Amino acid sequence: MWIILGSIAIVATFINLYMYRIGKDYKLGMAMGLSFTALTIMAEYNMVSDWVKLEDWSALSDVVPTKETVLWILMTILILLNITPILLELKKIKK
9 MWIILGSIAI VATFINLYMY RIGKDYKLGM AMGLSFTALT IMAEYNMVSD WVKLEDWSAL
69 SDVVPTKETV LWILMTILIL LNITPILLEL KKIKK
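Remember, my numbering sits 8 above the position in the sequence shown when you count from 1.
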């Protein structure tokens, strides 16, 4: 599930950037990108929770440390990309 949600988050982020680039209202794309990023994180948390309930310690020790780093990087990049149009608009206003 997290792969699907993460893919949707990435696509929504690029839709956000495309809508900004062509001058259309990008806020829905931004909201979708950030929302699906949050849902991806929650799906990952749910998967880890299931492993804990099953006491699958080998899965936890093998996968979680690497996924934590990947999720932090993905989340940071997606948040920065999603707020880029707002930052660019603020920069235009100041000029």
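Since the hints were made in silico from the structure, they are not lab data. None of these values were measured; they are calculated from a predicted model. Among the hints, erroneous ones may be present.
Capping the alpha-carbon separation at 35 Å, the derived lysine-lysine pairs in DSBU-like fashion look like this [stated by the list, open to error]:
1) 35 - 75
2) 75 - 61
3) 35 - 103
4) 61 - 102
5) 103 - 32
6) 61 - 100
7) 61 - 103
8) 102 - 35
9) 100 - 32
10) 32 - 102
Restraint ranges, calculated between C-beta atoms of paired labels, are given here [as the list claims (entries may be wrong)]:
11) 65 - 9: 20 to 26 Å
12) 85 - 9: 45 to 51 Å
13) 97 - 58: 18 to 24 Å
14) 73 - 19: 23 to 29 Å
15) 12 - 95: 17 to 23 Å
Heads up, the beta-carbon is just placed ideally off N, CA and C, and yes, glycines get one too.
Looking back at the numbered hints, which does the structure fail to meet, lowest number first?
Of the numbered hints given earlier, those the structure breaks are 4, 6, 7, 12, 13, 15, listed in rising order.
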